Amino acid sequence: MTGTLLSIKGLTKAYPGVVANDTVSLDIGTGEIHALLGENGAGKSTLVKMIYGLVKPDGGTMQMRGAPFAPPEPRSARAAGVAMVFQHFSLFDALDVSENIALGMENPPPLRDLAARIRTVSEDYGLPLDPYRTVGGLSAGERQRVEIIRCLLQDPKLLIMDEPTSVLTPQEVGILFETLNKLRSEGTSILYISHKLEEIRTLCDTATILRLGKNVGTCDPRETTARQMAEMMVGSELQTPKGTGATPGAAVLDVSGLSLPAPTRFGTALKNVHLRLHMGEVLGIGGVAGNGQDELLAALSGEMRAAPDAIRLKGQDIGHLGPTARRRRGLLAAPEERLGHAAAPDMSLTENALLTGAVREGLTANGFLKWGKARSFAERIIETFDVRTPGPDNAARSLSGGNLQKFVIGREVLQRPEVLVVNQPTWGVDASAAAAIRQALLDLAGNGTAVLVISQDLDELMEVADHFAALNEGRLTDTRRTGDLTIEEIGLMMGGAHDGMGIAHAEA
Amino acid sequence: MLRLEKRPQPSRVFAYLTPVLAVIITMIAGGMLFAALGKNPVEAIRTIFWDPLFGEFAFYYRPQLLVKGGPLILIAIGLSLGFRAGIWNIGAEGQYIVGALCGAAVALAFYPLEAWYIFPLMILAGALGGMLWAMVPALLKVKFGTNEILVSLMLVYVAENLLAAMALGRMKNPEGHGFPGSRNLKDYPSAFNDEIITGSGMHWGVLTAFLAVIFAYVLLNRHMLGFSIRLTGEAPRAARFSGVNPTRIILFCLGISGLMAGLAGMFEVSGPSGQVSIDFNVGYGFTAIIVAFLGRLHPVGILLAGLLMALTYIGGEIAQGNLGLPSAAIQLFQGMLLFFLLAVDLLTNYRIRFVRREAA
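Taken in sequence, the protein lines are chains C and F.
All letters in the first sequence, in the order written, are residues 1 to 508 by full-length UniProt numbering.
All letters in the second sequence, in the order written, are residues 1 to 360 by full-length UniProt numbering.
Please keep in mind that the hints were generated in silico from the structure rather than gathered at the bench.
Computed from a prediction, not measured in an experiment: that's the story for all the values here.
Check each hint, because a few of them may be wrong.
Below, simulated DSSO-like cross-link-like pairs (lysine-lysine); rule was C-alpha separation at most 30 Å, straight line [said to hold, decoys possible]:
1. C:Lys49 x F:Lys6
2. C:Lys9 x C:Lys49
3. C:Lys271 x F:Lys143
4. C:Lys56 x F:Lys6
Whole structure, please, built from the sequences with the hints as guidance.
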């Protein structure tokens, strides 16, 4: 580490009603991997957007290698050597890799030259990528490589990465870390945003922790425990969810030979999925995004119909039934996408309570709505799950991600499901809300509900699930006890050991 | 420099204020248009908005408000249900014509029999005719995923030709000395949609329009089906997750909007118009689209917007007669209303901030 690359002093940015960044100061050294830690809404994104020229600070200064640095737009930030890999990729599915990269460049070279450069860079940094492949067919990890290579082609001095590992398998994370270490050894600085503490401890040199827009401390992550960092983030002691240790009972949900075609061109087909879920059991389903998670949830919730006997609930065929009929029988679900799928953004929380609660909570009579009852159901969710909102008349979109997620999960939990299926229950949710949601799921299982958790967060699955299976290209591996699994085995299950039998045999 | 900022939630104040604001801006811009045409803008605006209600001949114009507003409201209510769900029936004009033709066909088939059941049968026929005409785009959309905007719009032109064929052929008055057009139903008491209160302009169609307002209000605010319709429009994926069957919503929304447009046509042909003629349709089906949006797709809003639109129609006619304003200027004026409404609508979801431009 030689000298400071970027020095931030007293950076402040206020939005109506909230100070996103309050006099934040930090220094990023040359050739340093600097972690930026914080809960959702702590101001990480705002800070990074100011560095990248997307947002203009209200106060404070930045210096790049001693010279004043105030990029009015991303183009000037890029010219100064700042590059960013966003959490959500901005790629066109129908174009190939080199076309996508050319689109983001100011003066793109001829595509053939560009493809050659892509190949060189991808080989230099150990990120295998074919410039002529169509992006629609790439995995999430490969898409991220496109974004990283797009940045590397600019020869950046500072690379900003926003939650880069949330879509990767453990093996892909390993590859990414090697690349980042290589970049560091060449003198590139990296600003690494994440809330996965163990990752930060293995990769980063320095960590800055933000809470409520303020810099609450800088530490050396190698010498700080994950728990200490988490508590700095949250500002209080963390409650670790506790399992009930109850032994699973009789089988309630039986999925056998479930096959469904891909609902859209870039969707994933489900191929011969088998699983069995018992009372009081939590089954975790892992896998990299885009391997059939959304489709599995849709098939179980009833949004996609299957053959009647492909899905059986307590011995009854339900594969052909729609969401309402399944809810009536006790199979409830909470999809991943909060706004627009699990909840209607512009509708009030009362209306959103009605969205799935109508049947089981008796919120209608002869088709007529009982608004009073719907409202008190919404109030009960808000109360029980500590949803921070002025009241049930507020629009769903006015809630923060974590609060809306608590509402969405709470809405299903309070309906006393026999089987609950959730997809990414804590995605983009702050640590304390995530802990509350996981605890609610465990409590539910403790009371005899069978819970199916689909998640890309392996730590989460290891924490809550008794059994584990992985989705890969629409196929589900055999179910294994979580306690018996090593990270390598999980990686293999996620990464394409399709039959799942290979691992089982090797172990036996 | 102006900048738009998304509000955390839609402003209630502006949801109610924007239609009023749009009317005011339209008056100002319309006044400028009339001034540019060499007319006194204040007089023109007064002629359009004031004279029909409180002018010298208001006794004649006030009933006209209901006669013109009734079909607009009835059609717009039906359309608004579909619009709420993101289903765009643009072909109400065609459903209006077919409803009128079916209603008139029943009357002409029974002529000259006098019986109490003829008028109810006509209502039934008009409703069914409009609904079946709207079922064409609905079924095509459900079965083949066609675009209901195109199909319903194209069917307007089919309906117009059907109307011409009927007025000149099968439905032509055999005692009409060869002139095009059917018998006048005003001369056929069992089929005549007379005023319920003489001189008020209130005929059975206007009453139906008011009932439709109440029906739509209850449906949207108190019934699961109305909730499903709104949910489908707000968030289609959430609706599917909630258990809403999209096919049913499409069939219901297009069906009910066709039914109401058909009813409006039937009440028109048996009342104010009186006969099937080549130029029977005057664009109510298209103007109702403006009315639906001007009323914010809310039943009560549509009631007020329908009356307002009827006012500009009547006032516009007076202004054409008294001030010599070209009819194109009046149509432009009505178009401005929707244009400005959509423009200021932005304020419901966004607020404007004044930002000083900083040196880059």
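Hints, verified against the model:
1. Note on C:Lys49 and F:Lys6: the hinted pairing holds, with a Cα-Cα distance of about 18 Å set against a maximum of 30 Å.
2. Straight-line distance between C-alpha atoms of C:Lys9 and C:Lys49 comes to about 15 Å, which keeps the hinted pair within the 30 Å bound.
3. With a C-alpha separation of about 27 Å, the suggested pair C:Lys271 and F:Lys143 falls inside the 30 Å cut-off, and the hint holds.
4. With a C-alpha separation of about 18 Å, the suggested pairing of C:Lys56 with F:Lys6 holds against the 30 Å cut-off.
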